[in-house]
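Novice: So the sequences go chain by chain: Y and D. Numbers in the numbering used here are just positions in the first sequence, counted from 1, shifted up by 2. Numbers in the numbering used here are just positions in the second sequence, counted from 1, shifted up by 25.
Heads up, some of the hints might be wrong.
To be verified - Computed footprint of chain Y on chain D; a stretch qualifies when at least three of its residues, placed anywhere within it, have a C-beta under 8 Å from a C-beta of chain Y: (1) 237–244; (2) 247–256.
As the list claims (entries may be wrong) - Distance windows between CB atoms, simulated: (3) Y:D165 x D:Y163: 52 to 60 Å; (4) Y:G142 x D:I170: 24 to 32 Å; (5) D:G75 x Y:E110: 34 to 42 Å; (6) D:R258 x Y:E480: 32 to 40 Å; (7) Y:L99 x D:Y163: 31 to 39 Å; (8) D:L355 x Y:G142: 38 to 46 Å.
For the record, the hints were derived by calculation from the structure and aren't laboratory data. The model shown is predicted, which means the values in this text are computed figures rather than measured ones. The beta-carbon is built from N, C-alpha and C at its ideal position, and this holds for glycine as well.
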Amino acid sequence: MAPEPPLLSMTTITKSFPGVRALDGVDLDVQAGEVHCLLGQNGAGKSTLIKVLAGAHQPDTGSIRWRGEEVTLRSPITAMRLGIATIYQELDLVEHLSVAENVHLGHEPTAAGFVVRGRAAREATAALLARLGHPEIAPGRLVGELSAAQRQIVSMARALSHDVRLIVMDEPSAALDPDEVDNLFRIVGDLTAAGVAVVYISHRLEEIRRIGDRVTVLKDGRAVAGGLPARTTPTRDVVAMMTGRTVEYVFPERPARDPAAGAPLLEVRGLARDGEFEPLDLTVRAGEIVGLAGLVGSGRSEILETVYGARRPDAGQVVVEGRPLKPGSVRAAVRAGLGLAPEERKAQALLMLESVTRNVSVSSMSRFSRGGWIDRAAELAAARAATRELSLRPDSPAAPVRTLSGGNQQKAVLARWLLRGCRVLLLDEPTRGVDVGARAELYAVVRRLADEGRAVLLVSSEVPEVLGLADRVLVLREGRVVHTAPARELDEHRVLDLVMEGSPAS
Amino acid sequence: MTQHASPPRDSTGKVPSAGAPPVRRSLIAHADVRILSLLGVLAALILIGGITRPDEFLDTRNLQLVLTQASVIGVVTVGMTFVIISGGIDLSVGAIVALASVWATTVATQEYGFAGILFTAVIVGVGCGLVNGLLVAYGAMVPFIATLAMLASARGLALQITDGRTQIVTLPSVLDLGERDAYVLGVPPLVMVFAVVTIIGWLVLNRTTFGRRSVAVGGNAEAARLAGIDVRRQRLYLYLLSGLCCGIAAFLLIVLSGSGQNTNGNLYELDAIAAAIIGGTLLSGGRGTIVGSVLGVLIFTTITNIFALNNLQSDVQQIAKGAIIVAAVLVQRRTASTT
Chain Y
3 MAPEPPLLSM TTITKSFPGV RALDGVDLDV QAGEVHCLLG QNGAGKSTLI
53 KVLAGAHQPD TGSIRWRGEE VTLRSPITAM RLGIATIYQE LDLVEHLSVA
103 ENVHLGHEPT AAGFVVRGRA AREATAALLA RLGHPEIAPG RLVGELSAAQ
153 RQIVSMARAL SHDVRLIVMD EPSAALDPDE VDNLFRIVGD LTAAGVAVVY
203 ISHRLEEIRR IGDRVTVLKD GRAVAGGLPA RTTPTRDVVA MMTGRTVEYV
253 FPERPARDPA AGAPLLEVRG LARDGEFEPL DLTVRAGEIV GLAGLVGSGR
303 SEILETVYGA RRPDAGQVVV EGRPLKPGSV RAAVRAGLGL APEERKAQAL
353 LMLESVTRNV SVSSMSRFSR GGWIDRAAEL AAARAATREL SLRPDSPAAP
403 VRTLSGGNQQ KAVLARWLLR GCRVLLLDEP TRGVDVGARA ELYAVVRRLA
453 DEGRAVLLVS SEVPEVLGLA DRVLVLREGR VVHTAPAREL DEHRVLDLVM
503 EGSPAS
Chain D
26 MTQHASPPRD STGKVPSAGA PPVRRSLIAH ADVRILSLLG VLAALILIGG
76 ITRPDEFLDT RNLQLVLTQA SVIGVVTVGM TFVIISGGID LSVGAIVALA
126 SVWATTVATQ EYGFAGILFT AVIVGVGCGL VNGLLVAYGA MVPFIATLAM
176 LASARGLALQ ITDGRTQIVT LPSVLDLGER DAYVLGVPPL VMVFAVVTII
226 GWLVLNRTTF GRRSVAVGGN AEAARLAGID VRRQRLYLYL LSGLCCGIAA
276 FLLIVLSGSG QNTNGNLYEL DAIAAAIIGG TLLSGGRGTI VGSVLGVLIF
326 TTITNIFALN NLQSDVQQIA KGAIIVAAVL VQRRTASTT
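For reference, chain Y alone in the conformation it holds in the complex:
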């Protein structure tokens, strides 16, 4: 054991919300200068734990020692004064303020106590941004004009503008491209070399291997393992601790028949949007799953939304079962049999205040109504049949959709289109926010929906998911298809090469 007390030591922290015990006696200790990774599925308690650490939640019981002394983190300000900074996943920046104003929000350099010294703030900000490897971000720019990656840098600059000893990063790499992740890791390395501790939260095991020193695994509000060596603990063990099972991904078997045998359901001809993606041709047949692989910013989601009519194309057309769609009309697409499960499920698909039934029936209301009058018994029966077919749990149609897990919320979206009688499914990051354990079931559902004669167009940033689930894969880079091949003929390294280099070698 180190002779010095740990920088931070949290013991038997519990925190309950009405109906949920979010933390159930969690211990966590962090040494100065280390990268301590927090792993766990959604709902394991990671977010609650870091909010306790940030002073945003008060623990019900347990104690927190900071540099050997017992402290009470009464508010975020208390935590910040001690030197604990938190970079949240949903960045908390003010879009209409400049970079420098955001960095110094709440502790602006002032003259005479209240006059903000703008130049001093800008200079200090420029120095911080240079230290973070991003001197190109001008301190005077509005945050609203910056990209997601740049905003993250600004958040980090804000954390560093305090005299910080511990930085908590909540899934910082989620919105970043690989080279930006490299920069992030370089920054983390610089920080720890200077003695700052980093608590790093990520779903991605390979990241934890690269930069982590120790790992604490949370499951159901408990720390099932604390302070494991990050680089040498076998992946199998870590996954087993997170999930209570040993498999990571299980993909359903592809059917034996030739995927080219089905009738073409979805044909995209020369579809393009200026500045987003170049003219695209693709065909998805009945029973076929076609995957689009590409990085953030490669145009994946834009393509899907344009096919669906949510964005108006600048050129080309979408043909469904031989009939061209009216461009830029979601309603025409839905009528023709398209259904979209969008990337931001809560923001773009679900009515969070409503029940499962109403979320499922919303696109098919005319089927249960005569003259606008809803036959609620028919609606309930049909919605229930659809959710049961997908094994949505809990099997209670009146439950508010917000109480479901991520995987079951996704099933509610799929049930909506199943009920609608949808022939072409567009899936944008279908397993985002879905527990590792629930993914396999969702994959099986998608495969079954295809086997029943639907065409599926799948977008995912997780290459193994595209390779494991799709029959055919289109690799995208900067809005252009650089390679097309059956999924069996590709492997993860090949796809990553193509995605980053874009050299169509075959």
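Starting from the structure of chain Y, add chain D where the hints point.
Specialist: Chain D only, in chain Y's frame:
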């Protein structure tokens, strides 16, 4: 390092729990609690009225008066509730009531008799709603701004029509509707109109695709659009509905006051919004009930009546109203956070 024994799991990775049925029960209980608490407040007010002015408050004529007064603002509030549930706001309702009431009572209109007045009031209301709806839905204007502009314009137009004079209604067929002879089993016709509008409003909100779409648009407009709902057309219809309710309310006001005035409907927008909010409608949209809004209207009207009977000035009434709005929102936030 320890590894805890896992409880049995279902295939979604969640521990199967007894969560589902209790969630449902608590939700039902929740809606009931909100309505019950409003009924409790109303009962308490009636008790207060009965104790402080036992002879006057519980008198049949007084109760008929309270309900009649509630009818005009109540009809407006039903329309407003739909608009707020859909995530919008209609600040122009009071001005529309004023414009519809004066347009329907000009000498020229009165020549067309009862039907002329009713028709004009409704058409003016719907027309203003159409302008609001087109600006919001297809002009992509913020509802607050579009209806604020309508508020100013409609009031101005109402003043121009009347030149500030009260337009007396001379048609007996209209005036008789407000007389005691027209009461059916003691119920004034105006109150019956309010009751019918309330029932239709409840049915439309809870039993029709129109109601569902309104809630969906208010709860998550982007999700509604991607689910294939024509969000813009729905918004247009909602402002038309609000305008229609204002037209009906204007007719009720004409019957009640026997005249049309450009100062009619003053601050109705605030009363209607306040009633909807204490009734449990979320100002951000996606949730609300007709019953709650109507109870909100009855509570406010009863307070006004009790204060008047006790000779308390309107300034005291205003302060009490403000306090009730704050208290209602605080109570609702507390009950909402325990869901």
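Novice: Now tell me, hint by hint, if it's right for this structure.
Specialist: Verification of the hints:
{"no.": "1", "hint": "237–244", "result": "holds (count 5)"}
{"no.": "2", "hint": "247–256", "result": "holds (count 9)"}
{"no.": "3", "hint": "Y:D165 x D:Y163: 52 to 60 Å", "result": "54 Å, holds"}
{"no.": "4", "hint": "Y:G142 x D:I170: 24 to 32 Å", "result": "30 Å, holds"}
{"no.": "5", "hint": "D:G75 x Y:E110: 34 to 42 Å", "result": "59 Å, violated"}
{"no.": "6", "hint": "D:R258 x Y:E480: 32 to 40 Å", "result": "37 Å, holds"}
{"no.": "7", "hint": "Y:L99 x D:Y163: 31 to 39 Å", "result": "33 Å, holds"}
{"no.": "8", "hint": "D:L355 x Y:G142: 38 to 46 Å", "result": "42 Å, holds"}
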